[in-house]
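Participant: This is what each chain is made of:
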Amino acid sequence: MSVFIDGRTRVVVQGITGRDGSFHARQMMAYGTSIVAGVTPGRGGERFEHRVPVFNTMSEAMQETDPRPNTAVIYVPAMNAAAAIYEAADAGIALIVCITEGIPVLDMTRVMPYLRERSVRLIGPNCPGLISPGKSKVGIIPGNICREGRVGVVSRSGTLTYEIVHQLSTHGFGQSTCVGIGGDPIIGTRFVDCLAAFEDDPETDAVVMIGEIGGTDEQHAAAFVQSAMRKPVIGFIAGRTAPPGRRMGHAGAIVSGTGGGAADKITAFERAGIRVMDRPADVVPLLTEPR
Amino acid sequence: MNLHEYQARELLGRYGIAFPHGGVATTPAEARDIAARIGGGGPVVVKAQVHAGGRGKAGGVKVASDPTEAADHAGRMLGSTIRGLAVERVLVVPATTIATEAYVGLIVDREKQAPVLMVSAAGGVDIEEVAGTTPQRIQRVSIDPRYGLLPHQAAAPAFHLYRDATLARAAAELMQRLYTAFYAIGASLIEINPLATTPDGALVPLDAKIVIDDSELPRHPDLVELRDPQSEDPAERTARAAGLSFIKLKGSVGCCVNGAGLAMATMDLVKFYGGEPANFLDIGGSSNPQKVVAALQIITADSSVRAILFNIFGGITRCDDVANGIVQATRELRVRVPIVIRLTGTNEAAALAILTQAGFSAVTDMDQAVERAVYLAGSEGTP
Chain A
1 MSVFIDGRTR
11 VVVQGITGRD
21 GSFHARQMMA
31 YGTSIVAGVT
41 PGRGGERFEH
51 RVPVFNTMSE
61 AMQETDPRPN
71 TAVIYVPAMN
81 AAAAIYEAAD
91 AGIALIVCIT
101 EGIPVLDMTR
111 VMPYLRERSV
121 RLIGPNCPGL
131 ISPGKSKVGI
141 IPGNICREGR
151 VGVVSRSGTL
161 TYEIVHQLST
171 HGFGQSTCVG
181 IGGDPIIGTR
191 FVDCLAAFED
201 DPETDAVVMI
211 GEIGGTDEQH
221 AAAFVQSAMR
231 KPVIGFIAGR
241 TAPPGRRMGH
251 AGAIVSGTGG
261 GAADKITAFE
271 RAGIRVMDRP
281 ADVVPLLTEP
291 R
Chain B
1001 MNLHEYQARE
1011 LLGRYGIAFP
1021 HGGVATTPAE
1031 ARDIAARIGG
1041 GGPVVVKAQV
1051 HAGGRGKAGG
1061 VKVASDPTEA
1071 ADHAGRMLGS
1081 TIRGLAVERV
1091 LVVPATTIAT
1101 EAYVGLIVDR
1111 EKQAPVLMVS
1121 AAGGVDIEEV
1131 AGTTPQRIQR
1141 VSIDPRYGLL
1151 PHQAAAPAFH
1161 LYRDATLARA
1171 AAELMQRLYT
1181 AFYAIGASLI
1191 EINPLATTPD
1201 GALVPLDAKI
1211 VIDDSELPRH
1221 PDLVELRDPQ
1231 SEDPAERTAR
1241 AAGLSFIKLK
1251 GSVGCCVNGA
1261 GLAMATMDLV
1271 KFYGGEPANF
1281 LDIGGSSNPQ
1291 KVVAALQIIT
1301 ADSSVRAILF
1311 NIFGGITRCD
1321 DVANGIVQAT
1331 RELRVRVPIV
1341 IRLTGTNEAA
1351 ALAILTQAGF
1361 SAVTDMDQAV
1371 ERAVYLAGSE
1381 GTP
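Here the protein sequences come in this chain order: A and B.
If you use our numbering, the first sequence corresponds to residues 1 to 291, in order.
If you use our numbering, the second sequence corresponds to residues 1001 to 1383, in order.
Calculated from the structure, these hints are not laboratory results.
Quick reminder that beta carbons are idealized off the backbone N, C-alpha and C, glycines included.
Treat the hints with caution; some may be incorrect.
Here are some, though not all, of the chain A residues that point toward chain B, as calculated from beta-carbon distances under 7 Å [claimed, not checked]:
| no. | residue |
| --- | --- |
| 1 | G102 |
| 2 | V105 |
| 3 | T109 |
| 4 | I140 |
| 5 | L160 |
| 6 | Y162 |
| 7 | E163 |
| 8 | A238 |
| 9 | G239 |
| 10 | G249 |
| 11 | H250 |
| 12 | R279 |
Next up, chain A with everything else stripped away, as it sits in the complex (with noise of 0.2 Å):
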């Protein structure tokens, strides 16, 4: 098993044939994800790679793959971004992947009701997406620096966590699943809806855990560790020294006058018995120290 995505995952990518879209859409298919659809408004009837069937809507890919995708993965510009993602939620995916980075907040507090009431999951906005070793990789995560394994790394971050499962494999170990959960101020996906189902996955060990400044989600994960999990959690906060009142590059990184310094969160871990990295490279002395 792994999380959100596995052998059986049948990826649809919308914006197949942008210059992303179309870059991750092969770097994809020669990891061996299933793509078996695209779509771009206009470029219907087309082949992707000689191969893929393009199409116009998502309602027609819909219809006219065989079997149906499960899941989409967007790569279309910020500007029409939000309505991809309706559109996916709309035509019956779900799990929706959105790797674009710069929508509007505003838009996504309106997308996000409209994907709760059909049960649908969003991962991102923002964010590198999700592997799954050996199984699957939807999004952009390099699979070279991934191994099989039964760690799960989930993070804020892109390359932050390619530096961290990087240690990992380098050390011999792999992962279940990495999951980008994007660095916005509204993502689909958060901490504690990873934290779960990795704690139900029969296949996940040990949990990494890598956060940033800005919001309080990683208290509500410490806070959901405590409670409700048996699995060990390693976590790490970037930003210790990120001045108050800036945006260090995510839109969601930032110390505001309410909260969201790396100290509050790092104490947060620290009560909840979440052992805290305080670089990148102590993830394997953590992950191997006895409890």
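Since chain A is already given, all that's left is putting chain B on it; use the hints.
Facilitator: Positioned in the frame of chain A, the structure of chain B alone reads:
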């Protein structure tokens, strides 16, 4: 993107929120003329237009009893700095006799993933301070954006503020208009503070603050024009134009990293090894060598930088592209401080070959590189 008070007042005016008429002056003479016109020779308030909290405490808001004094205040403010920011404009508005001061604000609540209306009778002061010390004095109304701010959701806090029904109705209407503006302009924050009442029972908004979500700007070309270039650090402005995310800090280790999370973790590691980062800089996911050149330009322009640290984890970003960028940049620019390069991931071997040939040394371990950069920057680290 932060708007100035005068811009926020003008913008909210389009949504039917009427502020007392004022004028913007860039010279004392203009301030005098505006004061004479709007104040009828009576008292006015001169307000420095800077993006700084605590502006009043820092001397940026002054009451003038007549146009001559308004010119004096404007003369002292214009060209001065408030919390490090140059004052280039002052807003001159009529002085209002204030009976009560309330706070009305709209933000997006990350926790509930929905807009929230915040109202407090403790207006006029910093709302963060109220939130910290007496949070019970702030009423919060969570809004379902599918239905908007419903009439009763505005009425409840309005009647909480005012016993007088006329005032309460006016306040509720103002909240509705504020909510309409919030979505229409793509704001991440709108505040009216204070929302005053006068002794004769009128509701008067006196100050406004608006922050626009940068991600909304492609939809609002008219708002882009409101950006005040002078209110930004020049290096940060250059970085934004080059598509880089950059924030100036006080240390001596210049950092150039791909990815915001890794950039923060790199800064933290500089500190871990006893150094101080000079900046946050995310070159993003692109491999464009020109971005590396722009990044090095910005870092080397900072005279407090004593060593430069590259930390690249190649995924989508190709290490060889970054290596080419470094070689190209150091040919174009005279870099006088040592450069420490860490590259790993996609096309790492090709990158190391390019850099070695150009006389650079590069490592693949993050800790090793950071420790070295801290040492070279002459901080308290060990080699």
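Participant: Hint check: is the beta carbon of G249/A less than 7 Å from a beta carbon of chain B?
Facilitator: holds (3 Å)
Participant: Given a cut of 7 Å on the nearest C-beta pair, is the interface hint for G239/A held or broken against chain B?
Facilitator: Because about 4 Å separates G239/A from the closest Cβ in chain B, which is inside the 7 Å limit, the hint holds.
Participant: Once the shortest beta carbon distance from V105/A to chain B is found, is it less than 7 Å?
Facilitator: holds (5 Å)
Participant: Given Y162/A was flagged as interface, is its beta-carbon under 7 Å from a beta-carbon of chain B?
Facilitator: holds (5 Å)
Participant: A closest beta-carbon separation below 7 Å is what the hint needs, so does R279/A meet it against chain B?
Facilitator: With Cβ-Cβ at 5 Å, under 7 Å, it holds.
Participant: Would the hint on E163/A be counted as holding, given a Cβ-Cβ threshold of 7 Å to chain B?
Facilitator: holds (5 Å)
Participant: Could you check if H250/A really has its C-beta closer than 7 Å to a C-beta on chain B?
Facilitator: The hint holds - H250/A has a Cβ within 7 Å of chain B, the shortest such distance being about 5 Å.
Participant: So, as I understand it, the hint says I140/A touches chain B; can you test that by seeing if any CB pair is closer than 7 Å?
Facilitator: holds (6 Å)
Participant: Restraint: G102/A near chain B, CB-CB cut 7 Å. Satisfied or not?
Facilitator: holds (5 Å)
Participant: Should the interface hint for L160/A be scored as holding, given a Cβ-Cβ cut-off of 7 Å against chain B?
Facilitator: Holds, because the Cβ-Cβ distance from L160/A to chain B comes to roughly 3 Å (cut-off 7 Å).
Participant: Holds or violated: A238/A as interface residue toward chain B, Cβ cutoff 7 Å?
Facilitator: holds (4 Å)
Participant: Using the nearest Cβ pair, does T109/A come within less than 7 Å of chain B?
Facilitator: Cβ of T109/A sits 5 Å from chain B, so the hint holds.
Consistency with the previously given hints is maintained throughout, with no hint failing.
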